[in-house]
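Chemist: So you can see what is in the structure, the chains are spelled out below.
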Amino acid sequence: MASVAQAHDPTRPAQGGVLAEGLGKRYGELWALRDVDLYIPSGSVLGLLGHNGAGKTTAIRILTTLAAPSAGRASVAGLDVVRDAARVRERIGLAGQYATVDGLLTARVNLEMVGSLYHLPRARARARADELLELLGLADAAERLVRTFSGGMRRRLDLAASLVGEPPVLFLDEPTTGLDPQGRNDLWALLRRLVDDGTTLVLTTQYLEEADRLADTITVLDRGRIVANGPPAELKARVGGERIEITLTSSEGLDGAADALQAFADGQAIVDAEQPLVTVPVRAGTRLVEVVHALDTAGVDAVDVHRREATLDDVFLTLTGTQPPPAPEPQEVSAT
Amino acid sequence: MSAQASATAAPSVAVRLRWGLSDSLVLARRNLAHVRQIPEKLLDVTVQPLMFVLLFAYVFSGAIHVPGGGYRQYLLGGILVQTLTFGIVGPATSIATDLTEGIVDRFRSLPMSRSAFLLGHLISDLAASMLALAIMTASGLIVGWRIHSDIPHAIAGFALLALFAFTMLWLGMLLGLLARTPDAVTGVAFIVIFPLTFIANTFVPAGGLPAGLRQVAEWNPISALAAAVRTLFGNPTALPAHAPWPLLHPALSALAWCALVLAIVVPLTIRRYRVRTAG
Chain C
-3 MASVAQAHDP TRPAQGGVLA EGLGKRYGEL WALRDVDLYI PSGSVLGLLG
47 HNGAGKTTAI RILTTLAAPS AGRASVAGLD VVRDAARVRE RIGLAGQYAT
97 VDGLLTARVN LEMVGSLYHL PRARARARAD ELLELLGLAD AAERLVRTFS
147 GGMRRRLDLA ASLVGEPPVL FLDEPTTGLD PQGRNDLWAL LRRLVDDGTT
197 LVLTTQYLEE ADRLADTITV LDRGRIVANG PPAELKARVG GERIEITLTS
247 SEGLDGAADA LQAFADGQAI VDAEQPLVTV PVRAGTRLVE VVHALDTAGV
297 DAVDVHRREA TLDDVFLTLT GTQPPPAPEP QEVSAT
Chain F
639 MSAQASATAA PSVAVRLRWG LSDSLVLARR NLAHVRQIPE KLLDVTVQPL
689 MFVLLFAYVF SGAIHVPGGG YRQYLLGGIL VQTLTFGIVG PATSIATDLT
739 EGIVDRFRSL PMSRSAFLLG HLISDLAASM LALAIMTASG LIVGWRIHSD
789 IPHAIAGFAL LALFAFTMLW LGMLLGLLAR TPDAVTGVAF IVIFPLTFIA
839 NTFVPAGGLP AGLRQVAEWN PISALAAAVR TLFGNPTALP AHAPWPLLHP
889 ALSALAWCAL VLAIVVPLTI RRYRVRTAG
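Sequence order for the protein chains is C and F. Residues in the first sequence are numbered consecutively from -3, following my numbering. Residues in the second sequence are numbered consecutively from 639, following my numbering.
Isolated chain C, as found in the complex (with noise of 0.2 Å):
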């Protein structure tokens, strides 16, 4: 499938965005990363939707310098991220897949620390790290050793080191990864607010609603080559919004009540035999009670009917007709 569908001027560099073109990372015979071209404007915000395994931690590792291309190449603010990597640096934060702060020191040692790595002088660390603690709930808990941190806690303080060097392009993997819902909802107004600062920022998902809630443009990876590219509201045209599943009794009543379902479908039923299970993308303002009435009438006798958000399962389904790959190692893909 076509990768990149926006268009860009080549002549100018991507001054505070990335730019990466046919990138690729080879581990030994597999193809972590293939073909990825990315255009990301700055001021922009990208996410990276795919499963463990998609490539999505190696594509954050190569733009932030952490690991060689084996193919291809990629710009970070207009400097290339091989040649260039020092000063490349000197423009990004990271937040990986891991929280990386030191343990056995405090909070603000941690971020202080940061700061001297920056060369920030003393008196602008200490400044930062407050700034930062303040910003991210974490005042409080500034002198306590990170080792006792909650898991979101240590996220927090990780987001907060990489955001020390005030970084123009800013990536975070799976960044609301075990943070609870008011812990994510924080996170979000914070980088809603970054972005309106002018912060570019590639954040990676396993949740297609995460990337539509903060992307302006949504790229689908599988097995380390791009499926899909394009604004949320593309990508969900396609996809679907909503989708509703009956669980049946049995499997025998699957098909009646496939058919019932085709006056609200906006695509495909997707029939599960195994589970009795139907899931059919619905039109938006589809009326749950509508469709308990359409089955009663068809004689379909379900246990269960449920609305849901389209998840990353139902994007791949939709956009590669099969079910996405169960999830192999991190950082790795599998063979087939």
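If you're looking for bench data, these hints aren't it; they were derived computationally from the structure. It should be emphasised that the depicted structure is a prediction, and the values quoted were computed from it without experimental measurement. All C-beta atoms, glycine included, are put in the ideal place defined by N, C-alpha and C. Take the hints with a grain of salt, since some may be wrong.
Unchecked claim - The calculated label-pair distances, taken between Cβ atoms and stated as ranges, are:
id : chain 1 : residue 1 : chain 2 : residue 2 : range
1  : C       : Arg189    : F       : Ala652    : 32 to 40 Å
2  : C       : Asn181    : F       : Met768    : 50 to 58 Å
3  : F       : Met768    : C       : Thr173    : 40 to 48 Å
4  : F       : Ala652    : C       : Leu141    : 34 to 42 Å
Add chain F to chain C, keeping to what the hints say.
Modeler: Same frame as chain C, but now just chain F:
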């Protein structure tokens, strides 16, 4: 000045060198701050050497006869070298720990000097080794050990010990970079260090060892180091009449051993560090 505003051109060589040094010191300070949280880390370089000096001085001094000045005069050179050999364990475990946690990725995504990670460990662990050296010297003096040579020789003796400590720390860093887990480090280190420091003239003169073992002890670099330190401090060396060349020229061979190990280990360590941290 924010990092955002500062970086428009590549910094000059002088600025990069200054940053390299300050980055290394920042990381050394981080390692030393860990000691405050895990004071047990300091036991290796404080209580353990003190205990060794006291144990050997009181338990063995009656049983082992050393010609030319008594066992305690003989003991210190050996125990100093042995303790500094154990310096391998410090950088090996802390580097292996850093590598298993994500912290190295954090460092690598920052605009800090690439060499600062290793140099930071080297600086903080060298400080620990020097503390151990000071404690052992003091405890030696307490149990009656003395330097019988002149000041230049005494300085040369301490300089040689510092060089040896430095060499062992590089070996430790390499071990830490090769190890899969921090726990593996301790096991491997002890399996190597114990025979290496005991099949030597560290605690008993090699002349009394059975044939075979004696040859190993006489050619053991640890023996050359201990003999060199004893010679430079004017302590008895208790060398047998037909000692091999390295023991007859201990200072020279000790220097040569350190130079040889560094010449091999430093490039290997740097290469291994690049490999371990390459994505």
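Chemist: Decide, hint by hint, whether the structure agrees.
Modeler: These are the hints, each one checked on the structure:
no.: 1; hint: C:Arg189 x F:Ala652: 32 to 40 Å; result: holds, 39 Å
no.: 2; hint: C:Asn181 x F:Met768: 50 to 58 Å; result: holds, 52 Å
no.: 3; hint: F:Met768 x C:Thr173: 40 to 48 Å; result: holds, 44 Å
no.: 4; hint: F:Ala652 x C:Leu141: 34 to 42 Å; result: holds, 37 Å
Hint compliance for this structure: every hint is met.
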